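Undergrad: Chains as they are written, first to last, in the numbering used here: chain A, 1 to 254; chain B, 255 to 436.
If you're looking for bench data, these hints aren't it; they were derived computationally from the structure.
One should not assume that every hint holds.
Stated by the list, open to error - Capping the alpha-carbon separation at 27 Å, the derived lysine-lysine pairs in DSS-like fashion look like this:
hint	chain 1	residue 1	chain 2	residue 2
1	A	Lys70	B	Lys381
2	B	Lys304	A	Lys149
3	A	Lys149	A	Lys248
4	A	Lys51	B	Lys381
5	A	Lys71	B	Lys304
It should be emphasised that the depicted structure is a prediction, and the values quoted were computed from it without experimental measurement.
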Amino acid sequence: MACKAWNDKLDAFVDGELSPDVQRELGAHLRGCASCAAEITSRLQLKSAVKRAAARRYAPSVEFRRQIEKKVPPRKREWRAIGLWAPALAAAAAILLTAVWIARRPALSPEMAMLREVVDMHVTALASANPVDVVSTDQHTVKPWFEGKLPFAVNLPDLTNTPFALLGGRVAYLGQTPGAGLLFQYRKHRLSVFIFEERAAWKQLGPDGIPRQHASFWVETWSAGGLRYFVVGDTSNANVSQLSSLMKSAAAAE
Amino acid sequence: MVIPYGEVNEQTGSFAELALPLFDPLYNFACWLAQDRTEAEDLVQETYAKALAGLSSFEQGTNFRAWMFRILRNSFLNSRSGLAATRTVALEDEGQEAAFARATEGTPESILFEQMNEEAVREAIEKLPIPFREVLLLADMEEMPYREVAETLGIPAGTVMSRLARARNVLRENLREKVVRA
Chain A
1 MACKAWNDKL
11 DAFVDGELSP
21 DVQRELGAHL
31 RGCASCAAEI
41 TSRLQLKSAV
51 KRAAARRYAP
61 SVEFRRQIEK
71 KVPPRKREWR
81 AIGLWAPALA
91 AAAAILLTAV
101 WIARRPALSP
111 EMAMLREVVD
121 MHVTALASAN
131 PVDVVSTDQH
141 TVKPWFEGKL
151 PFAVNLPDLT
161 NTPFALLGGR
171 VAYLGQTPGA
181 GLLFQYRKHR
191 LSVFIFEERA
201 AWKQLGPDGI
211 PRQHASFWVE
221 TWSAGGLRYF
231 VVGDTSNANV
241 SQLSSLMKSA
251 AAAE
Chain B
255 MVIPYGEVNE
265 QTGSFAELAL
275 PLFDPLYNFA
285 CWLAQDRTEA
295 EDLVQETYAK
305 ALAGLSSFEQ
315 GTNFRAWMFR
325 ILRNSFLNSR
335 SGLAATRTVA
345 LEDEGQEAAF
355 ARATEGTPES
365 ILFEQMNEEA
375 VREAIEKLPI
385 PFREVLLLAD
395 MEEMPYREVA
405 ETLGIPAGTV
415 MSRLARARNV
425 LRENLREKVV
435 RA
């Protein structure tokens with residue numbers, strides 16, 4: 001039981017809401033009072049247990065994110081500067097541009113469409129405030145997190161003595177099918193690895209691809225053990241290849 | 255340009271720059287309140303639509319995050335499940351002294367919350383009545399200062415303190431029961 005004099009200040013201490021003077025005074029008291037110190041420890045543990053259990057508990061789907069992003073205008077101030085005619089003018093311009101674009105654009109090959117989709121997923125993850133749902137640099141934490149969420153096991157490489165670090169993972173969706181989305185750090189860059197069950201439509205991407213460039217991102221994709229892997233990054237193709245090799249060795253080792 | 259996270263004015267950026275980073279926390283909070291993903295999506299949609307429509311009513315210099323969370327929370331309270339969830343809860347006594355007295359009764363000092371299973375903590379949070387759940391999540395999950403929690407919930411900061419103390423007390427009791435049962 002905490003001391004009566006300090007009892008009503010303990011929560012405010014844990015929440016950092018005391019004035020600096022009172023904070024210091026209570027800090028000094030805690031050094032000599034075992035019961036108040038135990039009480040504070042218990043409250044701090046409870047606070048962090050709530051944060052751990054509740055934060056990022058529910059992640060929105062990619063479809064819902066896109067839906068909201070489409071509804072939010074990119075820059076409000078520009079609209080205001082153009083004035084009241086802006087929406088009508090913009091709508092007319094958009095219709096015209098779309099018509100011209102549809103008429104002139106070359107048909108997108110399935111391979112290009114796939115690369116674009118994968119790059120989009122990587123960019124969406126980077127733009128997110130919470131790009132991963134399980135935050136851990138430990139492969140032995142991230143791998144079990146996927147258990148029960150995906151119909152396959154996610155094998156992660158040992159990154160010791162490599163320039164890469166694992167940042168975490170999340171469930172990614174491609175064509176309404178769940179897969180693994182992993183995020184890695186290379187210096188100041190972040191790379192994504194996506195793993196999905198292989199589909200017949202993807203066979204044309206080849207069993208073991210070479211890095212391809214799309215919108216200044218490098219993408220390497222290959223198929224192994226019934227799974228399709230994609231590695232995406234904006235670093236050099238050598239980095240993408242290196243991370244791909246690490247992923248391939250991890251999959252082969254299991 | 256660096257945009258201050260909590261505050262907005264004409265120079266700091268567009269609605270999108272300020273509102274989109276709140277998308278994940280808003281969705282998470284909506285799920286915690288509604289306990290249903292479809293309903294949470296409706297609440298988040300409604301929040302963005304109302305915020306866009308009422309942007310002119312946002313007082314510059316006040317807290318943008320608190321404003322967005324308040325819209326979402328009020329939308330939830332006005333929804334069918336929000337009305338049902340809050341109808342049964344009576345916060346009979348918000349006096350600070352009474353709350354602090356209750357908060358200290360039988361505090362289980364021996365429980366090591368650090369070792370508690372995350373699922374057990376989640377279940378205990380889900381069991382909290384809405385007024386306790388929301389104040390706890392804003393203070394501990396979103397790490398909002400009392401002033402911002404007060405702004406979000408539309409209550410005085412003193413009430414935030416007493417309600418938070420009661421929420422934590424109930425949570426501790428729930429968790430202690432789980433430990434005892436285990």
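Undergrad: Need the status of pair A:Lys51, B:Lys381: alpha-carbon distance at most 27 Å?
TA: holds (16 Å)
Undergrad: Given the proposed pairing of A:Lys70 with B:Lys381, does the C-alpha separation stay at or below 27 Å?
TA: With a Cα-Cα distance of about 35 Å, the restraint between A:Lys70 and B:Lys381 is violated, given a limit of 27 Å.
Undergrad: Can the restraint linking B:Lys304 and A:Lys149 be considered satisfied, given a maximum Cα separation of 27 Å?
TA: Violated, at about 34 Å.
Undergrad: Between the alpha carbons of A:Lys149 and A:Lys248, is the straight-line distance 27 Å or under?
TA: holds (22 Å)
Undergrad: Between A:Lys71 and B:Lys304, does the CA-CA distance stay at or below 27 Å?
TA: Given pair A:Lys71, B:Lys304 holds - Cα atoms ~12 Å apart, limit 27 Å.
In summary, the numbered hints that this structure violates are 1, 2.
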